[in-house]
Amino acid sequence: ETGVTQTPRHLVMGMTNKKSLKCEQHLGHNAMYWYKQSAKKPLELMFVYNFKEQTENNSVPSRFSPECPNSSHLFLHLHTLQPEDSALYLCASSQGTPRGSKNIQYFGAGTRLSVL
Amino acid sequence: LAKTTQPISMDSYEGQEVNITCSHNNIATNDYITWYQQFPSQGPRFIIQGYKTKVTNEVASLFIPADRKSSTLSLPRVSLSDTAVYYCLVGGEPGGFKTIFGAGTRLFVKA
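Quick note, the sequences are listed as chains S and R, same order.
Numbered by my numbering, the letters in the first sequence go through residues 267 to 382 in order.
Numbered by my numbering, the letters in the second sequence go through residues 2 to 112 in order.
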C-alpha cells in the first residue's frame, strides 16, 4: 500500500465512450502526476499538478483531459480514444517543490486501459 | 534535465550482489539521484535517493563518486523477487516536477 489509490484497476472502453480515471492520495502531498506506460516502454509523463495548478502538460492530445479539484484528488477524463491509447495509466504524488527538490514520487497500482 | 544511461538488462543468480550503474554526465548542482523499482503491471516503487558519497537503507546502497557523473545501485544478496526493472532518475532544479523515466535496467534473477 503506497498511499496512492487508483480506480478502476481495469477499464475496457470503445472509441466513442467517455470514461474517467480517478486517483486519490492519502500522503498529504502537494504534487500529483499522470503517466502513461505502453507495453514494454518507459513511463511517459503526461501531466503534473502542484497545489491544484497544472505545471506540466507534455503535449498530450486533447482527448485526455485532467482535472485536479484539490491536492488529494486527480482525475483523467477520457473521450474518443484510439486503440493506441491502450496502456497502463499511473498516478503518482510527491511532496516536492520546484527548486532543488528531492521529489520522491509515490505511485498507485495503475489503471490498465484497453480501447477497442 | 540530465539524461541518464543504464544497461538495458542484467542477469544474476540468487544470493549474489548486483550492481547497476547509471551514467548522468550532465547532472546539475542541485540534482538528486533517485532509483525506482518496477514490477510488471505495477507502479514504480522508490528504492533509494542520494546526492553524494554513499547512502544505505534496508533495501539497497547507492554509491556516488565525487564528480557525481555516475551512480551505482547495489542490491545485496538478490532473490527471485528482485526480478524487476530498475530506473535511475536525476532531477531537481530547473526541471522541477518534470520527470523523465528512461528505459531502465531489466534485472532477471535466476535460481
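Accuracy of the hints is not assured; some may be wrong.
Said to hold, decoys possible - No farther apart than 27 Å at their CA atoms in a straight line, the calculated lysine-lysine pairs in the DSS-like style are these:
| id | chain 1 | residue 1 | chain 2 | residue 2 |
| --- | --- | --- | --- | --- |
| 1 | R | Lys111 | S | Lys306 |
| 2 | R | Lys4 | S | Lys285 |
| 3 | S | Lys306 | R | Lys55 |
| 4 | R | Lys99 | S | Lys318 |
| 5 | S | Lys284 | R | Lys70 |
| 6 | R | Lys111 | R | Lys53 |
| 7 | R | Lys55 | S | Lys307 |
| 8 | S | Lys302 | R | Lys99 |
| 9 | S | Lys288 | S | Lys318 |
| 10 | R | Lys99 | S | Lys306 |
| 11 | S | Lys302 | R | Lys4 |
| 12 | R | Lys55 | R | Lys99 |
| 13 | R | Lys99 | S | Lys307 |
| 14 | R | Lys99 | S | Lys288 |
| 15 | S | Lys306 | S | Lys288 |
Stated by the list, open to error - Partial chain R-side listing against chain S, Cβ under 7 Å, derived:
| id | residue |
| --- | --- |
| 16 | Ser13 |
| 17 | Gly16 |
| 18 | Phe40 |
| 19 | Gln43 |
| 20 | Gly51 |
| 21 | Phe102 |
| 22 | Gly103 |
Just so you know, the hints here were simulated from the structure itself, not pulled from any lab data.
Beta carbons: idealized from backbone N, C-alpha and C, even for Gly.
Hint by hint, here is what the structure shows:
no.	hint	in the structure
1	R/Lys111 with S/Lys306	holds (21 Å)
2	R/Lys4 with S/Lys285	violated (35 Å)
3	S/Lys306 with R/Lys55	violated (32 Å)
4	R/Lys99 with S/Lys318	holds (16 Å)
5	S/Lys284 with R/Lys70	violated (46 Å)
6	R/Lys111 with R/Lys53	violated (32 Å)
7	R/Lys55 with S/Lys307	violated (30 Å)
8	S/Lys302 with R/Lys99	holds (14 Å)
9	S/Lys288 with S/Lys318	holds (15 Å)
10	R/Lys99 with S/Lys306	holds (22 Å)
11	S/Lys302 with R/Lys4	holds (20 Å)
12	R/Lys55 with R/Lys99	holds (26 Å)
13	R/Lys99 with S/Lys307	holds (18 Å)
14	R/Lys99 with S/Lys288	holds (21 Å)
15	S/Lys306 with S/Lys288	holds (24 Å)
16	Ser13	violated (21 Å)
17	Gly16	violated (28 Å)
18	Phe40	violated (10 Å)
19	Gln43	holds (6 Å)
20	Gly51	violated (10 Å)
21	Phe102	holds (4 Å)
22	Gly103	holds (6 Å)
When held up to the earlier numbered hints, the structure conflicts with 2, 3, 5, 6, 7, 16, 17, 18, 20 and fits the remainder.
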